[in-house]
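Sequence lines, in order, name chains U and A.
Residue 32 is where the first sequence starts when you use my numbering, and the numbers rise one by one after that.
Residue 9 is where the second sequence starts when you use my numbering, and the numbers rise one by one after that.
A portion of the hints provided could be inaccurate.
DSBU-like cross-link-like pairs, simulated, lysine-lysine; straight-line CA separation at most 30 Å [what the hints assert, rightly or not]: (1) U:Lys511 - U:Lys574; (2) A:Lys120 - U:Lys511; (3) U:Lys245 - U:Lys114; (4) U:Lys52 - A:Lys89.
Covered stretches of chain A (in silico footprint by chain U; criterion: 3 or more residues with CB under 8 Å from a CB of chain U, positions within the stretch not fixed) [stated by the list, open to error]: (5) 49-55; (6) 59-67; (7) 81-91; (8) 129-138.
In short, the hints are calculated from the structure, not lab data.
By construction, the Cβ of each residue, glycine as well, lies at the ideal position given by its N, Cα and C atoms.
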Amino acid sequence: MSDPAPDQARAAWQEAYDSTKLRDVPFETMSGVPVDALYGEGPYPGQYPYTRGLHAAGYRSRLWTMRMFAGFGTAEDTNARFKELLRSGGGGLSTAFDMPTLMGRDSDHDWALGEVGHCGVAVDTLADMEDLFADIDLSSVSTSMTINGPAAMIMAMYIAVGENTGVERAQLAGTIQNDILKEYQAQKEYIFPPRPSMRIITDMMKFTSAEMPKWHPISISGYHIREAGSNAAQELAFTLANGFAYVEAAVASGLDVDDFAPRLSFFFNSHSDFFEEIGKFRAARRIWARWMKERYGAKDPKSMMMKFHTQTAGVSLTAQQAEINIGRVAIQALAGALGGTQSLHTDAYDEAMALPTENAARIALRTQQIVAHETGVTNVIDPLGGAPFVEWMTDEMERRAEEVFAHLLDIGNDSILEGAYAGIENGYFVGEIADAAYRFEREVNEGKRIIVGVNEFTEGDDGERNLLRIGAEVEDYQLKRLNGVKQRRDGDAVTRVLERLKTEAADPEINLMPTMIEAVKTFATEGEIVAALEEEFGTYVEKVFL
Amino acid sequence: MADEVSTNPPQLRVVLAKLGFDGHDRGIKIVARILRDAGMEVIYLGLRQSYKNVVNAVEQEDADAIGLSMHNASHMTLAPKMVAALAEAGLEVPVVVGGIVPDEDIEPLLEKGVAAILGPGASAEEVAQTIRDAVASMRAETSQA
């Protein structure tokens, strides 16, 4: 081991801690007992392999970002909710898109009927994106956009909104999810086949490396893998493997690992098994650091530091006695905090059945504010570090993940990227996830696993559900709007730019982003851009595995 | 086979599908296994099916029931259209909807010809029995007509 001697490491941590500006709050218990910043031994926070956190001072210097996912109805509706969230203390914007948008189809697509504006905001053209961020200074917020298949078009629109309002692309801060591998594995919102999708993603990584230093071009997401039914270790393993796959793809396209890896970020689920979740988060940081250093030759410590966002487990929310979900969310949020997350979304208690009502969304934000400001867990860095059970769980999560990596290297001829492609092709990922989901369901069904309010303690459900409903008027409005934009734009300019995009798609040496930005500026629709690219790339159809 | 006398009821054949964009397939895959465990034959068509694909599958497979999984709040649009597409093709096969359907939508869906709705928390027994009941009552209706 080349680690510095323990006392040197401790001194290095102390020095880093002392030079960090701390939050101006008393670090003491409710009863006035002062607490140390850190208990236990190394590896210390802020030191490789970062098991105990990325920063020497943990949440003593800065709390996690309270980032609440929002989006429904029209762009104007969502814009209003963004402003409300910014006013009530949320630290960043997070955008949900509706299904047609997520699938790269316009609101007037045959299948869009009944889906427009339902699970998020509808974005067909740049005009919708302009409404979405109206009167919000893009140079002063950080925006997270949850979209994958058509991520390049949406990022191009965001860049165009910035430029049209005098904000240069270099100033834009935020994250676009853009994690296509987990779409084939779990969420199923893909458009093109895996290989051309990876080409678009490497184009985006190159483009943002060169021109958008504050932008995270990909958020590698285990969240959906977990929601689709995986267990915690699978979520950890598949997500990290996908991360390695993107690294391999980017390096193969000519980027240096340290040029892009510092801007990769991750997104995990926080479910109800408290210590398993905490072990998972701690193991995730350690695995990433080790693999980036040892396998991918990263030199910049930032390339080894895994930043992640956490969301509480939507799938754990019950329709029965919905209010008790507030308790679940609080526990899951606490696990996220004790696992050292950089940002957190807490689910609203009424989300099992529909998008959250405003009141429920506010309670969810308040829940994580309680964790941050009332529980005292933010006073001590990695407060559970060194506890035998927590350290064992961390090791065990890592061991199980390493088994998966070994399998992927095996089926991928020593490449995780090829292993990911192979595992998508042969049904490995979907099969593992479906098996785990079924096992869980059987345990609940057989009463071996208690879900409060579902198979035990079922008295007290009054059946009252106050649900947010999206009216059909959203659809009418959006269709009119789309038609209007199509009539006003210069149709010839649209045709020309789409032709050029198609030509460029055929040449893997050309980066598609500049033409994509030009295309959205002509008000070409998302669906038109997707269709042009599909002519070259094809459309992915999933094989059915049961 | 046709000459064999069986004391068991014939095996039910169930077509499962997801219509439109909705990609949430955790539930439908679990339902597929539940129905298989309950002795039914399951034909899972997969994601992004059109009404026509489902109708074709029902005809080709001589299916007894259809299970649709819906998690995108589009059930009020898609489920009645599926029922109508089956009627247009002259097929008398019950459509059972599973997934996220708010309580107040249940009655309107039943009025539009959906045979039954299975929500979150339904047990394996309920899932299988709902399919059996839907097939039985469709057969009773058909024989009366």
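Inset, instruction - Would you list, in rising numerical order, the hints stated earlier that this structure does not obey? - result: 1, 4 and 6
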